[in-house]
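Colleague: Go by the hints and put chain B onto chain A.
Protein chains in written order, with the working numbering: chain A, 1 to 330; chain B, 331 to 660.
One or more of the hints may lead you astray.
[Unchecked claim] Among the chain A residues that face chain B by a calculated CB cut under 8 Å, a handful are: (1) D145; (2) P148; (3) T164; (4) L166; (5) L191; (6) F213; (7) E216; (8) V237.
[To be verified] Calculated lysine-lysine pairs in the DSSO-like style (CA-CA distance at most 30 Å, straight line): (9) A/K250 x B/K580; (10) A/K71 x B/K514; (11) B/K569 x A/K169; (12) A/K184 x B/K514; (13) A/K169 x A/K76; (14) A/K76 x A/K89; (15) A/K198 x B/K401; (16) A/K239 x B/K630; (17) B/K514 x A/K77; (18) A/K300 x B/K569; (19) B/K580 x A/K239; (20) B/K502 x B/K650; (21) B/K528 x A/K184; (22) B/K499 x B/K650; (23) B/K580 x B/K569; (24) A/K198 x A/K169; (25) B/K369 x A/K300; (26) B/K514 x A/K239; (27) A/K250 x A/K198; (28) A/K250 x A/K184; (29) A/K250 x A/K89; (30) B/K369 x A/K184; (31) B/K514 x A/K75; (32) B/K405 x A/K76; (33) A/K39 x A/K198; (34) B/K502 x A/K239; (35) B/K499 x A/K239; (36) B/K630 x A/K250; (37) A/K250 x B/K569; (38) B/K401 x B/K419; (39) A/K184 x B/K407; (40) A/K250 x A/K239.
Since the hints were made in silico from the structure, they are not lab data.
Treat the numbers as computed from the prediction; the structure is a model and nothing was measured.
Glycine included, each C-beta is placed from N, C-alpha and C at the ideal position.
Protein chains: 2
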Amino acid sequence: MNVAVDAMGGDYAPESVVQGAIEAVSGLDIHVTLVGHEKAIREALGTNRTPDHISLHHCEGVVGMDESPLKALRKKKDSSISEALGLLKNGQVDAVISAGNSGATLAAAVLSLGRINGVERPGIASILPTERGPVVLIDVGANVDCRPAHLLHFGVMADAFSSTCLATKNPKIGLLSIGEEGTKGNELVRLARELFDKSDLNFVGNVEGRDIFTGEVDIIVCDGFVGNVALKLSEGVVKMMSRLIENELKSSILGRSARILGRKPIGRFKRRLNYEEYGGAPLLGVRGIVIICHGGSSVKAIKNAIRSTAGYVNDRVLEKMRFRLEDYKP
Amino acid sequence: MNVAVDAMGGDYAPESVVQGAIEAVSGLDIHVTLVGHEKAIREALGTNRTPDHISLHHCEGVVGMDESPLKALRKKKDSSISEALGLLKNGQVDAVISAGNSGATLAAAVLSLGRINGVERPGIASILPTERGPVVLIDVGANVDCRPAHLLHFGVMADAFSSTCLATKNPKIGLLSIGEEGTKGNELVRLARELFDKSDLNFVGNVEGRDIFTGEVDIIVCDGFVGNVALKLSEGVVKMMSRLIENELKSSILGRSARILGRKPIGRFKRRLNYEEYGGAPLLGVRGIVIICHGGSSVKAIKNAIRSTAGYVNDRVLEKMRFRLEDYKP
Numbered sequence: 001m002n003v004a005v006d007a008m009g010g011d012y013a014p015e016s017v018v019q020g021a022i023e024a025v026s027g028l029d030i031h032v033t034l035v036g037h038e039k040a041i042r043e044a045l046g047t048n049r050t051p052d053h054i055s056l057h058h059c060e061g062v063v064g065m066d067e068s069p070l071k072a073l074r075k076k077k078d079s080s081i082s083e084a085l086g087l088l089k090n091g092q093v094d095a096v097i098s099a100g101n102s103g104a105t106l107a108a109a110v111l112s113l114g115r116i117n118g119v120e121r122p123g124i125a126s127i128l129p130t131e132r133g134p135v136v137l138i139d140v141g142a143n144v145d146c147r148p149a150h151l152l153h154f155g156v157m158a159d160a161f162s163s164t165c166l167a168t169k170n171p172k173i174g175l176l177s178i179g180e181e182g183t184k185g186n187e188l189v190r191l192a193r194e195l196f197d198k199s200d201l202n203f204v205g206n207v208e209g210r211d212i213f214t215g216e217v218d219i220i221v222c223d224g225f226v227g228n229v230a231l232k233l234s235e236g237v238v239k240m241m242s243r244l245i246e247n248e249l250k251s252s253i254l255g256r257s258a259r260i261l262g263r264k265p266i267g268r269f270k271r272r273l274n275y276e277e278y279g280g281a282p283l284l285g286v287r288g289i290v291i292i293c294h295g296g297s298s299v300k301a302i303k304n305a306i307r308s309t310a311g312y313v314n315d316r317v318l319e320k321m322r323f324r325l326e327d328y329k330p
Numbered sequence: 331m332n333v334a335v336d337a338m339g340g341d342y343a344p345e346s347v348v349q350g351a352i353e354a355v356s357g358l359d360i361h362v363t364l365v366g367h368e369k370a371i372r373e374a375l376g377t378n379r380t381p382d383h384i385s386l387h388h389c390e391g392v393v394g395m396d397e398s399p400l401k402a403l404r405k406k407k408d409s410s411i412s413e414a415l416g417l418l419k420n421g422q423v424d425a426v427i428s429a430g431n432s433g434a435t436l437a438a439a440v441l442s443l444g445r446i447n448g449v450e451r452p453g454i455a456s457i458l459p460t461e462r463g464p465v466v467l468i469d470v471g472a473n474v475d476c477r478p479a480h481l482l483h484f485g486v487m488a489d490a491f492s493s494t495c496l497a498t499k500n501p502k503i504g505l506l507s508i509g510e511e512g513t514k515g516n517e518l519v520r521l522a523r524e525l526f527d528k529s530d531l532n533f534v535g536n537v538e539g540r541d542i543f544t545g546e547v548d549i550i551v552c553d554g555f556v557g558n559v560a561l562k563l564s565e566g567v568v569k570m571m572s573r574l575i576e577n578e579l580k581s582s583i584l585g586r587s588a589r590i591l592g593r594k595p596i597g598r599f600k601r602r603l604n605y606e607e608y609g610g611a612p613l614l615g616v617r618g619i620v621i622i623c624h625g626g627s628s629v630k631a632i633k634n635a636i637r638s639t640a641g642y643v644n645d646r647v648l649e650k651m652r653f654r655l656e657d658y659k660p
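This is chain A alone, in the form it adopts within the complex (with noise of 0.2 Å):
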C-alpha cells in the first residue's frame, strides 16, 4: 500500500503535510511517498535521513492555492500534484491527496486518469459529521452547473462509496431541494427528481438544507454551486457558534467557571463536528483513488486523510463503484 501525497499543497505545506504523513505511517502498513519539492520536504523533515515507510518525489513546480488550475497545469507540466498522479497512473502508489488547490487536483485528475466509464461529470464527495454517524454530500464543488443525468451518477458513486467504504447498508439518498414534493425546487431538481424516482437506488425523496446534519439519509445530492455553499455555510456556522459560546461565556463568573467544568464535554463536541477527524474528501468518478483534502489540513488532518485513505484502497472501492456504474451506462 502506498500512498502519494501533494506535499506542496495546502496552506500549512509542506510542513503540514510531512509531519501528518509520519504521524499517518507510524505503527501501520502504510507507505506515503511525498510528492514536492525535495529541498522544502527535507527542511519539513528536519533531517537528512528519510523516516521508514516514507519516499520523496522530487519534482520542481507547485501550483499556487490561488492559481487558475488549467492555466497553471499548462505552464507547469511537472507539478507536484500533476507529478502525484502520474505515479498513480503509472500503478506506482495506489492513491494520490492533496490539500492545494481543488480545482488543479480536479483537472489534472480528470486529464491524467481519465474517468471512469459512464461517467461525465466527476464529483468530490464531502464526508460530514451528524449525531447518527456520517453523510456523505455530492458534488461539493467539481461542477457548478450540471444536468439532470449528473446528479444521478453522483448518487450512483455516492451510493457505491458509502456502502463500501462507509459500510451502510442500502444507503438512503436524498435530492437537496426545497421542499419535499417532487413538485418543489429548481428545474434540475425537479428533472433529476424522475431519474432517480426510475433508478433502483434507495431514494427517498428531497430532502431539505435542514436534513443534511440529522443523519436521517446517508447521501445527499447536489450541484456542485449549491454543494459548496452549504458546505462552506456549515464550517462559517460551527465557527460562529463555538465564538459566541465562548465569548457569552467568559463574559461572566458563572460563565468562565461553567467554561472550566465544560471544557472536556465542550472539547468533544467541537471534535464531532471538526473536519479534520474526518480526513478528506474522495473526488469520485476518475479512474483511480483521489482525495482532496481542506486547504487550510492542520497535521491531524493529514493524518486521518491517509489513514482513511488507506481503507478505501484495502476495500477497493474504485472497482466497486466501476461495476456499479455499468448498469447506469448511458
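Modeller: Structure of chain B alone, referenced to chain A:
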C-alpha cells in the same frame, strides 16, 4: 398604523398568532386586524370582548400549509391570506403578516398587489443575526430559477430595505458564490457579477458560504433555491449544535455542573441566534409591505414580527424602494 395579520396561518395558528398580536399592541400605538375565521379567533382570544387595538375581519377560507399555492388560491377566493392582502390593497391596513403557506402568500401578494415598476421578480429577504449585526439574505425561496437581472434587482431592493429599515449606511453587498474571484461560480452568478460591477451599489464582490454569518457584508444576494437551502441549513446546524452541547454536558458530572452554571450565558447565546427575535422576512418587490413569518412561529416571533413591521411602515420603505428602483428600470 394598522397591521393585518393572517390569524389562520402557521403551525400554531390561530392561538400563537392571536396571543402574539395581543402582546405586540400592548403599550404601543399599533392596531392589529386579525384576519380569519371569527369563531376560531374568538376561541383563541378566550373571550367575546375584543381587546383594545385589535379588530377582527372574518373570512371562511384557509390555505393549508401543504396545499399547492395556486390551486388553493383559485379554489378559495376568501382565504385569510387573500382577504388580508385585499385589505392592504384597499388601503384599510398598512401591512400584512402571515406565518402560513409562504408560497400562497407570495403568489397572492403578486396577484393582488402587483409588482413595483421595474421589478420582474419579488424576492424574500431573510434578516439573519451575525456577530456584528444583522445581514440580509435575499432571495430565500421566492424564485428557484433566476436570471442575472433578477439578482441585481434583489440587490437594489435589499439596499433600499437595509439602509432604510436597518439603518445600515451604504450597505455592503456580496454575491453568494464559491470563490472570491469573479471567474468563479456558476453561469448565473458570473453574469450577475457583471451587472453588479456596473451598478452604483456598494458591491464588494463574491462572498462564500462561510461569510454569511461573519457580518462582513450587510446584504448577500443569491437565487431562491440556494438561499432557501442556506437558510434551512443554518437552522439545522444551530439546532444540531445546541443538542450536541446539551448532550455532551449532560453526560458527565462536571458537564452537568457546567450546564447549570452556564445556563444564562448559553441562553443568551441561543437567543442571539433565534429567528424569533428578528421578526419575519419581508417580501420585497410587491406594491405593499408583506412579511412572511416562519411556519413554526411562536407567540414571541409573531409579536416581534408585528413590531418590526410597524417600523417598516413608519420608515416608508416602500416609497424608498420604488424611488431606488427608478434608476434600474430596464
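Colleague: Against this structure, judge whether each hint is valid.
Modeller: To see whether the hints hold, each was checked on the structure:
1. D145: 5 Å, holds
2. P148: Since the shortest Cβ distance to chain B is 14 Å, the answer is violated.
3. T164: 27 Å, violated
4. L166: Where the cut-off is 8 Å and the nearest Cβ of chain B is about 19 Å from A/L166, the hint is violated.
5. L191: 12 Å, violated
6. F213: 5 Å, holds
7. E216: 11 Å, violated
8. V237: 4 Å, holds
9. A/K250 x B/K580: 21 Å, holds
10. A/K71 x B/K514: 15 Å, holds
11. B/K569 x A/K169: Holds, at about 27 Å.
12. A/K184 x B/K514: Holds: A/K184 and B/K514 sit about 27 Å apart, inside 30 Å.
13. A/K169 x A/K76: 43 Å, violated
14. A/K76 x A/K89: 18 Å, holds
15. A/K198 x B/K401: Distance ~28 Å between A/K198 and B/K401 Cα, so the pair holds.
16. A/K239 x B/K630: Holds. A/K239 to B/K630 sits at ~28 Å (cutoff 30 Å).
17. B/K514 x A/K77: Since the Cα atoms of B/K514 and A/K77 sit roughly 24 Å apart, the hinted pair holds (cutoff 30 Å).
18. A/K300 x B/K569: Since the Cα atoms of A/K300 and B/K569 sit roughly 28 Å apart, the hinted pair holds (cutoff 30 Å).
19. B/K580 x A/K239: 22 Å, holds
20. B/K502 x B/K650: 18 Å, holds
21. B/K528 x A/K184: 34 Å, violated
22. B/K499 x B/K650: 14 Å, holds
23. B/K580 x B/K569: 16 Å, holds
24. A/K198 x A/K169: With Cα atoms ~20 Å apart, A/K198 and A/K169 stay inside 30 Å; holds.
25. B/K369 x A/K300: Roughly 63 Å separates the two Cα atoms, so the pair is violated.
26. B/K514 x A/K239: Answer holds: B/K514 to A/K239 is near 24 Å, not above 30 Å.
27. A/K250 x A/K198: 54 Å, violated
28. A/K250 x A/K184: 44 Å, violated
29. A/K250 x A/K89: Violated, because 53 Å separates the two Cα atoms, which is more than 30 Å.
30. B/K369 x A/K184: 34 Å, violated
31. B/K514 x A/K75: 21 Å, holds
32. B/K405 x A/K76: 65 Å, violated
33. A/K39 x A/K198: 55 Å, violated
34. B/K502 x A/K239: It holds: about 22 Å lies between the C-alpha atoms, which stays within 30 Å.
35. B/K499 x A/K239: It holds: about 27 Å lies between the C-alpha atoms, which stays within 30 Å.
36. B/K630 x A/K250: At roughly 28 Å apart (the allowed maximum being 30 Å), A/K250 and B/K630 satisfy the hint.
37. A/K250 x B/K569: Measuring from Cα to Cα gives roughly 22 Å; hence the hint holds.
38. B/K401 x B/K419: 22 Å, holds
39. A/K184 x B/K407: Given that 30 Å is the threshold and the Cα spacing comes to 24 Å, the pair holds.
40. A/K250 x A/K239: 16 Å, holds
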